[in-house]
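Colleague: Using the sequences and the accompanying hints, generate a full structural model.
If you're matching them up, the sequences are chains R and B in order. Going from the first sequence to this note's numbering is simple: count from 1 and add 426. Going from the second sequence to this note's numbering is simple: count from 1 and add 10.
What the hints contain is simulated information worked out from the structure, not anything from laboratory work. Quick caveat: nothing in here was measured; it's all calculated off a predicted structure. No false leads were mixed into what you were given.
The list that follows gives simulated cross-link-like pairs (lysine-lysine, DSS-like), each with its CA atoms no further than 25 Å apart:
id	chain 1	residue 1	chain 2	residue 2
1	B	LYS75	R	LYS462
2	R	LYS462	R	LYS553
3	B	LYS122	B	LYS135
4	R	LYS466	B	LYS75
5	R	LYS453	B	LYS75
6	B	LYS75	R	LYS473
7	R	LYS453	R	LYS553
Covered stretches of chain B, as calculated for chain R (at least 3 residues, CB under 8 Å):
id	region
8	68-78
9	85-95
10	125-131
Calculated Cβ distances over 10 Å to all of chain B for the following chain R residues:
id	residue
11	ASN516
12	ASN519
13	LYS547
14	ALA549
15	ALA555
Cβ atoms here follow ideal geometry from the backbone N, Cα and C, with glycine treated the same way.
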Amino acid sequence: MQKTILLIILSCFLVLTGIYTASAAYKFFNGEDWIKIDEKTCPADLKIQMKLLSLKAVEGGSMFSGTPILAQNEQSVNAYIAAMDNFYSNEANRLIPLYFALKIASMEKQGIPAAQVRVYKAAIQKKLAN
Amino acid sequence: MILVLILGIILFTFMARVISNTTYKKTSYQKPAEQQAANQTAAPLFLDSVDWNTINGLQVTPVEKTIFKTQLLKLSLEASIINGRPLITPTVPLYEYLNDIDAFYSQARNAKIPLYFAIKIADMKRSGASQAVIEGYRTVLVAKLEKAGLIKK
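Modeller: What follows is the structure in structure tokens.
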């Protein structure tokens with residue numbers, strides 16, 4: 427039941443975001459942009475700071491628009507930098523927007539069953555492929 | 011097409027309400043942001059003038075700073091779009107908001123205001139809102155954020 431609800435919800439906002447992106451030829455901030463931070467010729471701590479600011483921008487945007495990505499008990503986004511690095515090191519994940527990558531990492535951290543996370547991720551990838 | 015869109019929005023709204031009552035989601039989709047944030051016990055995670063000014067101090071080229079700042083605006087906006095409540099509907103490229111946000115954060119009284127709302131205020135200004143309207147919005151916003159414990163008095 428929970429899985430079905432999750433899929434329906436995901437389908438709905440993917441349709442909405444799909445319409446938005448189609449109408450504006452919009453490209454979300456995704457793994458390609460994340461990897462570009464690593465490609466910069468600046469010190470490693472600066473890259474980490476830029477990644478941290480990026481994650482804070484996503485979390486701030488999601489929190490103030492009504493749905494925080496990270497759970498209440500998660501004190502810091504620092505731990506998610508490594509998770510994003512790992513996620514986007516897989517080329518198959520590069521086109522997934524940072525918002526969804528962070529959501530997936532949060533789901534995993536919350537202990538959501540791996541099968542459910544896979545379904546969520548597959549739905550995003552399928553939509554992006556179309 | 012329009013009918014499909016309307017049906018999609020109705021379905022999305024309905025399902026968001028349903029899921030907010032399940033144990034999976036810890037937060038509701040429809041609560042106002044400030045109310046929702048008030049329920050959080052963890053340190054709030056959002057950008058403000060401290061972060062914005064940090065970027066100004068980064069040892070990167072001015073062009074890179076502009077690109078990075080624009081990306082932060084883009085990320086904030088994208089999150090709101092995906093959540094179904096777009097923060098703004100920009101009619102100009104996002105980098106054109108940067109000067110307004112720099113000017114906004116150059117005032118000490120705005121230092122605590124989250125970037126998310128700085129973007130909103132910059133957009134109001136661009137859309138021709140009067141200073142009185144902007145000031146009214148700012149006053150209410152600050153009061154709500156303070157009450158929610160997201161910014162200090």
